[in-house]
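There are 2 protein chains.
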Amino acid sequence: MATDLAPHSTRLVLDAPLPLDSGQALDRVEIAYETYGTLNADGSNAILIFHALTGDQYVASQHPRTGKPGWWSRMVGPGKPIDTDRFHVVCANVIGGCLGSTGPASADAQGKPLGMGFPVITIRDMVRAQVALLDALGIGRLYAVVGGSMGGMLALSLAANFPERAERVLAIATTARHSAQNIAFHEVGRQAIMADPNWQSGEYYGTGKAPDAGLAVARMAAHITYLSEAGLTEKFGRRLQDREAKSFGFDADFQVESYLRYQGLSFVDRFDANSYLYITRAMDYFDLAEEHGGKLADAFRGTPARFCLVSFDTDWLYPTSESRNVVHALNAVAAPVSFVELSAPYGHDSFLLDVPALDRVIKGFLE
Amino acid sequence: MATDLAPHSTRLVLDAPLPLDSGQALDRVEIAYETYGTLNADGSNAILIFHALTGDQYVASQHPRTGKPGWWSRMVGPGKPIDTDRFHVVCANVIGGCLGSTGPASADAQGKPLGMGFPVITIRDMVRAQVALLDALGIGRLYAVVGGSMGGMLALSLAANFPERAERVLAIATTARHSAQNIAFHEVGRQAIMADPNWQSGEYYGTGKAPDAGLAVARMAAHITYLSEAGLTEKFGRRLQDREAKSFGFDADFQVESYLRYQGLSFVDRFDANSYLYITRAMDYFDLAEEHGGKLADAFRGTPARFCLVSFDTDWLYPTSESRNVVHALNAVAAPVSFVELSAPYGHDSFLLDVPALDRVIKGFLE
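So the sequence lines, in the order shown, correspond to chains V and W. For the first sequence, numbering that gives the first Met the number 0 gives the first residue as 0, with consecutive numbering after it. For the second sequence, numbering that gives the first Met the number 0 gives the first residue as 0, with consecutive numbering after it.
What the hints contain is simulated information worked out from the structure, not anything from laboratory work. Remember, it's a predicted structure, so these values are computed and weren't measured experimentally. Idealized CB from N, CA, C, for every residue including glycine. Watch out, some of these pointers could steer you wrong.
Okay, derived cross-link-like pairs now, DSSO-like style, lysine-lysine, Cα gap no bigger than 30 Å in a straight line [unchecked claim]:
1. Lys208(V) with Lys294(W)
2. Lys294(V) with Lys245(W)
3. Lys79(W) with Lys362(W)
4. Lys67(V) with Lys294(V)
5. Lys111(V) with Lys208(V)
6. Lys294(V) with Lys362(W)
7. Lys67(W) with Lys234(V)
8. Lys362(W) with Lys111(V)
9. Lys67(V) with Lys208(V)
Label-pair distances were calculated between CB atoms; the ranges are [stated by the list, open to error]:
10. Glu202(V) with Leu239(W): 25 to 35 Å
11. Arg238(V) with Ala333(W): 28 to 38 Å
12. Leu239(W) with Gly205(V): 27 to 37 Å
13. Glu366(W) with Ser246(V): 40 to 50 Å
14. Pro16(V) with Ser246(W): 40 to 50 Å
15. Gly110(W) with Glu202(V): 24 to 34 Å
Over 12 Å on every C-beta distance to chain W, these chain V residues come out as not near it, computed from the model [claimed, not checked]:
16. Thr9
17. Pro63
18. Lys67
19. Asp107
20. Asp134
21. Arg189
22. Arg280
23. Pro335
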């Protein structure tokens with residue numbers, strides 16, 4: 000995809016270099032973000048929403064490339080569970096991303112795209128960038144920080160590393176560390192991208208060729224992990240796609256094949272392969288306990304925030320046991336936490352879909 | 000990989016064309032097979048073992064390419080659960096395969112590799128070919144047919160379609176039909192192969208280039224499904240590979256990454272990408288109920304065989320519920336069946352690994 004910024008996103012340049020966990024620093028970091036609702040006089044009604052791996056800042060506004068409604072427009076808006084009549088909502092593209100924030104497609108000082116010259120970043124680095132954004136926007140303490148999936152990792156990381164910055168922490172369908180299986184699925188995706196000759200060691204910008212085929216395969220593999228087996232069976236089963244009988248060929252005979260191919264193909268129109276490499280790497284590196292001496296409870300010791308953890312019973316990517324680990328750690332430091340496992344058929348993607356119980360939990364937690 | 004036959008496998012050419020479910024027929028089908036033990040005078044001690052997707056006929060003999068022991072040498076041999084002092088064991092490469100039986104690398108009448116000109120085949124077609132092999136070998140009724148994973152599908156298909164040919168049917172870690180999720184994972188693998196420019200629509204034989212990168216990615220994705228999440232965590236967790244700290248790069252920092260890359264790279268030395276396409280397609284087409292009017296029980300109506308089904312509690316590729324479906328169908332037609340779910344930490348791959356309880360079950364069923 001191209002590197003131009005979506006026209007109606009606001010972009011801010013951080014005035015200080017951003018220190019990174021790798022020991023490097025990023026100069027002139029740009030952050031593209033969207034806001035909704037009005038910040039009140041004492042700045043006490045701000046909610047920061049962190050997006051997921053392939054999400055973006057368009058949480059409740061039309062996506063500039065796909066033309067689709069924001070990825071959480073069912074949740075964010077006037078009168079909605081995250082009520083923009085009441086709250087000032089901020090959502091920013093993570094660094095490493097490809098929707099306007101500094102990432103591998105950004106230019107170096109000579110105007111050349113960084114590509115693999117972009118430093119490997121962490122979830123904590125992404126959080127640091129957004130805390131700097133909050134500083135620039137004059138937002139001290141958040142009413143709440145909210146995120147699902149990778150966004151939940153960022154929310155937990157903010158709570159652990161910037162404990163004074165959020166009164167409430169809502170982490171949905173997430174984990175405090177990436178498991179071996181999580182890493183394995185991401186590694187398949189990275190290898191698929193890097194195996195694509197058009198990847199050219201990441202220097203494909205401006206060549207007219209991008210590793211679309213590899214990125215599509217990466218997306219297909221990941222997409223399976225976002226859905227439950229039962230959900231796939233209910234949605235597709237073994238039904239054939241626009242035909243009466245099997246073709247005895249390699250066309251997409253089954254609806255599930257056709258669906259997956261579409262998911263792969265449409266993804267490459269809105270996402271950059273190098274960003275996919277960098278963001279998956281950041282997620283794989285994520286281990287909140289390791290960052291805090293090996294004990295997860297220590298990540299939250301002394302936290303003044305209230306927490307809410309939500310998992311879904313059919314989520315096998317970040318199953319309920321992962322949320323429960325976080326809850327146990329919060330219990331160990333006597334942090335106020337509520338936890339609910341919701342029943343929904345959609346697997347990990349449930350946090351993005353029509354699950355009215357989630358609306359109620361979010362609305363209740365933000366009261 | 001090359002198309003030469005492993006030197007010490009026996010090869011037999013079927014004298015009649017093999018009819019296929021697609022309506023086509025295959026002429027001059029060659030079948031490469033291994034045998035162990037001696038067929039007794041009345042031909043009553045033969046056991047046919049069906050191999051899995053990436054398995055082969057070298058069930059208990061050294062693999063000619065890798066030099067490794069046979070994939071089930073722990074189970075098959077003198078004094079072993081499938082005792083070659085007592086039984087005459089036959090194991091043949093499936094048609095569509097790449098270890099000597101007719102497949103996409105085989106030559107057409109003009110001596111040109113068939114490639115994608117090879118017809119799409121089914122599990123039942125693979126069984127038909129091996130029943131023809133049994134005919135040619137003078138084996139009427141098998142003492143038992145045995146298979147795990149895809150081999151289990153072939154065993155069930157033989158029981159359903161050639162009910163007089165086996166006294167005992169042992170199906171391990173398998174299913175009577177491929178689910179939407181099973182199809183989805185296979186489709187990712189096929190798309191990875193077809194996205195590799197070296198695939199060249201399947202016409203890569205003799206070009207010196209094969210779609211190794213795509214096949215390796217396919218293998219990596221599939222390999223994750225063969226292991227349990229708990230097994231991966233126990234085996235690798237988040238341990239780093241030969242380093243003290245994360246590299247902040249894209250090397251294989253984690254042991255699980257290094258392991259998966261090795262699985263992908265080593266696989267391409269012993270397997271042909273087109274065979275992977277054809278065999279996964281056959282598995283995705285497999286639905287034993289559909290073949291028999293939509294009701295699984297009807298597939299087994301009137302069967303004279305005794306059945307044994309084995310599943311593993313950590314197998315999420317073909318979970319216990321799939322074996323239970325088969326057991327219920329057999330119960331519905333009053334076929335004698337025993338069923339056991341074994342506890343083993345290795346996921347789907349348990350049937351190939353050191354699970355002493357499986358040895359006992361197999362030995363007991365073959366008494």
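### Task
Would you check the hint for Lys67(V) and Lys208(V), treating anything up to 30 Å between C-alpha atoms as holding?
Within the cut-off at roughly 25 Å; holds.
### Message
Quick check for students: does the CB of Arg189(V) sit more than 12 Å from each CB in chain W?
### Response
violated (7 Å)
### Restraint status (C-alpha distance of Lys362(W) to Lys111(V) at most 30 Å)
violated (67 Å)
### Message
Beyond 12 Å on every Cβ pair: is that true for Lys67(V) relative to chain W?
### Response
Given that every Cβ of chain W is farther than 12 Å from that of Lys67(V), nearest at about 23 Å, it holds.
### Task
Could you say whether the range 28 to 38 Å given as a hint is met by the Cβ separation of Arg238(V) and Ala333(W)?
Given a distance of about 32 Å, which is inside 28 to 38 Å, the answer is holds.
#### Entry: Non-interface claim for Thr9(V) versus chain W (Cβ beyond 12 Å)
holds (30 Å)
### Query
Between Glu202(V) and Leu239(W), is the Cβ distance one that fits in 25 to 35 Å?
holds (28 Å)
### Task
Test the statement that Pro63(V) is away from the interface with chain W: the closest C-beta pair must be farther apart than 12 Å.
holds (28 Å)
### Query
Would the pair Lys208(V) and Lys294(W) pass a check requiring their Cα atoms to be no farther apart than 30 Å?
violated (50 Å)
### Task
Would you mind confirming whether the straight-line C-alpha gap from Lys79(W) to Lys362(W) stays at or under 30 Å?
holds (8 Å)
#### Entry: Proposed proximity, Lys234(V) with Lys67(W) (alpha carbon, max 30 Å)
Not OK: Lys67(W) and Lys234(V) at ~43 Å, beyond 30 Å, violated.
### Message
Verify the CB-CB distance for Pro16(V) and Ser246(W) against the hinted window 40 to 50 Å.
### Response
With Cβ atoms ~22 Å apart, the hint is violated.
Of the numbered hints given earlier, the model fails hints 1, 4, 6, 7, 8, 14, 15, 21 and 22; all others are met.
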